[in-house]
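Student: Residue strings, one per chain:
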Amino acid sequence: MRCCLDERKDVIRRILVGTFKWSNKDKFMETIEQIQDEIIEDFSLFDDWMQKYEYIIELGKSLPLIEEEYKKDEFLIRGCQSRVWMRAERKGDRMFFKADSDAIITKGLIALLIKVLSGHTAQDIAQADLYFIDRIGLREHLSLTRSNGLASMVQQMKRSTTLVYSGKQEEN
Amino acid sequence: MDAPIHNLKKRLVREARTDFPILHTTVNGRDLVFLDSAASSQKPRAVIDCINTYYREQNANVHRGVYSLSQTATQLFEDSREKVKDFISAKHSREVIFVRGATEGINLVAQSFGGKFFKPGGEIILSQLEHHSNIVPWQMIAEEKGMKIRVVPINSKGELMMDALEDMLSEKVQMIALNHISNALGTINPVKEISALARRYDIPVLIDGAQATSHGEVNVQELGVDFYVFSGHKMFGPTGIGVLWGKEKWLEAMPPWQGGGEMIETVSFEKTTFNELPFKFEAGTPNIAGSIALGAAIDYIGQFDMLEIVKYERELLKYATEKLKEIPGLRIYGEAAEKASVISFLIENTHPYDLGILLDKMGIAVRTGHHCTQPLMDFLGIPGTVRASMALYNDQNDIDRLVDGLVKARQMLT
Ligand SMILES: Cc1ncc(COP(=O)(O)O)c(C=O)c1O
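Protein sequences appear in the order of chains D and L.
For the first sequence, this note's numbering assigns the number 137 to the initial residue and increments by one for each residue that follows.
For the second sequence, this note's numbering assigns the number 210 to the initial residue and increments by one for each residue that follows.
The following block holds chain D by itself, in its conformation from the complex:
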């Protein structure tokens, strides 16, 4: 049992260092679809829910924290289960997101979303079809009953992108 666990952890670790890069400049070359396809491939390595969630938890732990100054109500996505703070920033014609949550699984899910959407143009983000959520079997997190689920995060990311672009929010 022990060896299997270690092996599994190793796979996760390899995935984490292999394809999970926060500030990879090459990422700009990849489309939202390509990143989604990579994630789908990563997830195909897991054969049960535990591995999948261990990975999500690892992602959550590795997500850079949002600065304390942004952990304020104005950056909070409202919901009743876990708290999520998110901040959208514009650099040139691209959008960057930072986020945090008090729940680690939520944080892992945000990490995936950021990985997919961050660094793209407003137009691409607005039009993005996030099919990976379904394909990696996390659809349950999209349901409306799971407040603060992926659905409200996606909505918020798209909304703040529009806001930043229409100049309603200060840009950097």
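Among the clues, some could well be false.
[Stated by the list, open to error] Partial pick of chain D residues on the chain L-facing surface, computed with a CB cut under 8 Å:
#1 W185
#2 Y189
#3 E190
#4 I193
#5 S218
#6 D238
#7 A239
#8 I240
#9 I241
#10 T242
Calculated from the structure, these hints are not laboratory results.
Computed from a predicted structure; not experimentally measured.
Heads up, the beta-carbon is just placed ideally off N, CA and C, and yes, glycines get one too.
Position chain L with the ligand relative to chain D; hints supplied.
Tutor: Same frame as chain D, now just chain L with the ligand:
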């Protein structure tokens, strides 16, 4: 209370589990462990079949038709009211008003009773333990009338501070509205004692019994309260049906809340006269199937000895409490001496939401979050808890699965 003569014909509580089809299904590939009965209980076959039979064989509108079907439906509907009356030991079945649930019952009293009797400058006493359903309706009428809400504090075990409650009593208080059992902490409140205190100042008492009716005997006369509300879905009955019981003298004096069919005697554009109790408060076609099935749920509970249910659940609570405490870093919220089978807890360095998600993956249903008791969570200084709540169909295996699941989830998260 005299000890009731033990009825040998009563079924054993541990047989109950087989009556609930849903408990024999799987979730995420595992046998379902259902530990969220405080949110809504599961339904026994008897209740499911009752609804089925009603629509297949008995369906017709009530109190209207001269034909046999309508009379059968009316009879079943009114029989059910009678069952409710007996179940809570009310004086008259006309004191039993069918509503959608506890929430609607409280709103009815707040609007109708409060609308007529509440005076500006008056006070309404609630407690720190209340469900939003027993806060918001009172805030609404208090705002309208220019009244103040006062809140009975709790001690560190989650029990009402009775001396503080006593100190709050005065001529200004126009209603005391408290729950019988706290849905978040499981505290069983000393209702009898509270109504005795209230009587000194003639203050009416409303008890939110949403969490109480499936876990112990409720005798509204013995409790000495003025209003008692509960929901069918938390006592093995269907959703969308509940009961407001009120003392006849109050219900008679209160104006109708909603207007429509059923609740009138005669209607003309000049003047409408209202029907008598209980119909005065039941405007429109009622939830007929729901009411009848609530009667079936009451019959179901009646197969067991209520005292044995209490004893069984108390033992289960004790077992669960001991087992959970063995998990490192686990802290239980709510340790009232009188406590129902509800356990709220947190595990150090984990978020309830994460625990809830991982438990779900293991087929274990618990509730996470603030349990619609935000003021209580604020008071405890926590965003929410994980809550495992048990009913007569749960057993030690459910608890063992929960504990194993938590140990595993904790490993994954920390
Ligand atoms: C103590 C308490 N009061 C009131 C309610 C509201 O019941 P309902 O939603 O059935 O009206 C609940 C249910 O969650 C409860 O637990």
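Student: If a hint holds in the structure, say so; if it doesn't, say that too.
Tutor: Against the structure, the hints:
1. W185: Result: holds, 5 Å to nearest chain L Cβ.
2. Y189: holds (6 Å)
3. E190: Holds: closest Cβ of chain L sits about 6 Å from E190 (chain D), inside 8 Å.
4. I193: holds (6 Å)
5. S218: Nearest chain L Cβ about 4 Å off; hint holds.
6. D238: Hint holds; D238 (chain D) Cβ to chain L Cβ min 6 Å, cut 8 Å.
7. A239: Holds - the Cβ of A239 (chain D) comes within 8 Å of chain L, reaching about 4 Å at its closest.
8. I240: holds (5 Å)
9. I241: holds (5 Å)
10. T242: holds (7 Å)
Consistency note: the structure conflicts with none of the earlier hints.
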